[in-house]
Amino acid sequence: MIVEIVISFFLVVSGLFGLVGSFGLIKLRDTMQRLHAPTKATTVGVGGVLVASMLYLALVEESFSFHEVMITLFLFLTAPITAHFMAQTHIRMRVDRNELPPTQRDFGWSLFDEPPEMDPAPTKDTAKDTAQGN
Amino acid sequence: MITYAIFFAFGCYGLGLLMNLWRLARGPGRADRILALDTMVINVIALIVLYGIWQGTAVYFEASMLVAMVGFVSTVAYCRFILRGDIIE
Chain F
1 MIVEIVISFF LVVSGLFGLV GSFGLIKLRD TMQRLHAPTK ATTVGVGGVL
51 VASMLYLALV EESFSFHEVM ITLFLFLTAP ITAHFMAQTH IRMRVDRNEL
101 PPTQRDFGWS LFDEPPEMDP APTKDTAKDT AQGN
Chain L
135 MITYAIFFAF GCYGLGLLMN LWRLARGPGR ADRILALDTM VINVIALIVL
185 YGIWQGTAVY FEASMLVAMV GFVSTVAYCR FILRGDIIE
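In the order they appear, the protein sequences are chains F and L.
Oh and the first sequence: position 50 is 50 in the working numbering, straight run, nothing missing.
If you want the working numbering, it's the 1-based position in the second sequence plus 134.
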């Protein structure tokens, strides 16, 4: 009975989190605001479903497996990466570069400016060229 | 009791998918559409796992793992295509 209550609690809470995440996607005003809702609330919702699934299979069906942990780890690792890429895409497509704050460095935003020249590390080819030159 | 909770979660994620579809059709920029597609992938993963709980089997975890990987790779590939002009340099 307690097991059923705990599993149902996880399922209901995760469903509410998923609904909040998807509702934020249509409710919030700006793209940068909209980026917050799905990448955080929906990820927690899927995590809740996976915890409920793990508890159900372990306690009711009595067959524990690590697949849920793998899916949870994968989702929690990839959600920030996709959010970062989508923010980069938005800045590149929609934001005027003059509106961005200065970077307080010698070079500007890496999305718009080329990366600064690094000191070239001595490679085999350049070493051979200098040897031939001498 | 678990059955009712599963049905509630099914309803929540199905409604969430409809909202994502609205944002996918409406979204003013490409970033919004990529975001809507990524959220749809995450909601579909949740639906597959819920169906696995409902059926009481662990068969569907491979399917949800594959959907998660394909969704991540497709999102990153689309963003890189917009940012750089090609995917593999």
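Because the hints were derived from the structure by calculation, they are not lab data.
Ideal placement from N, C-alpha and C gives every residue a C-beta, glycine not left out.
Just so you know, not all the hints are guaranteed correct.
[To be verified] Here's a subset of chain L near chain F, in silico, CB distances under 7 Å, partners left out:
hint: 1; residue: Phe142
hint: 2; residue: Arg157
hint: 3; residue: Ser208
[Unchecked claim] Among chain L residues calculated to face chain F with C-beta under 8 Å, some are:
hint: 4; residue: Ala159
hint: 5; residue: Arg164
hint: 6; residue: Ala170
hint: 7; residue: Ile179
hint: 8; residue: Tyr185
hint: 9; residue: Gln189
hint: 10; residue: Ile216
hint: 11; residue: Gly219
hint: 12; residue: Asp220
Hint check:
1. Phe142: Holds: closest Cβ of chain F sits about 6 Å from Phe142/L, inside 7 Å.
2. Arg157: 5 Å, holds
3. Ser208: 10 Å, violated
4. Ala159: Because about 11 Å separates Ala159/L from the closest Cβ in chain F, which is outside the 8 Å limit, the hint is violated.
5. Arg164: The hint holds - Arg164/L has a Cβ within 8 Å of chain F, the shortest such distance being about 6 Å.
6. Ala170: It holds, given that the least Cβ distance between Ala170/L and chain F is near 7 Å, below 8 Å.
7. Ile179: Since the shortest Cβ distance to chain F is 6 Å, the answer is holds.
8. Tyr185: 10 Å, violated
9. Gln189: With a closest approach of 11 Å, the Gln189/L hint is violated.
10. Ile216: 5 Å, holds
11. Gly219: This interface hint is violated because 11 Å lies over the 8 Å limit.
12. Asp220: 15 Å, violated
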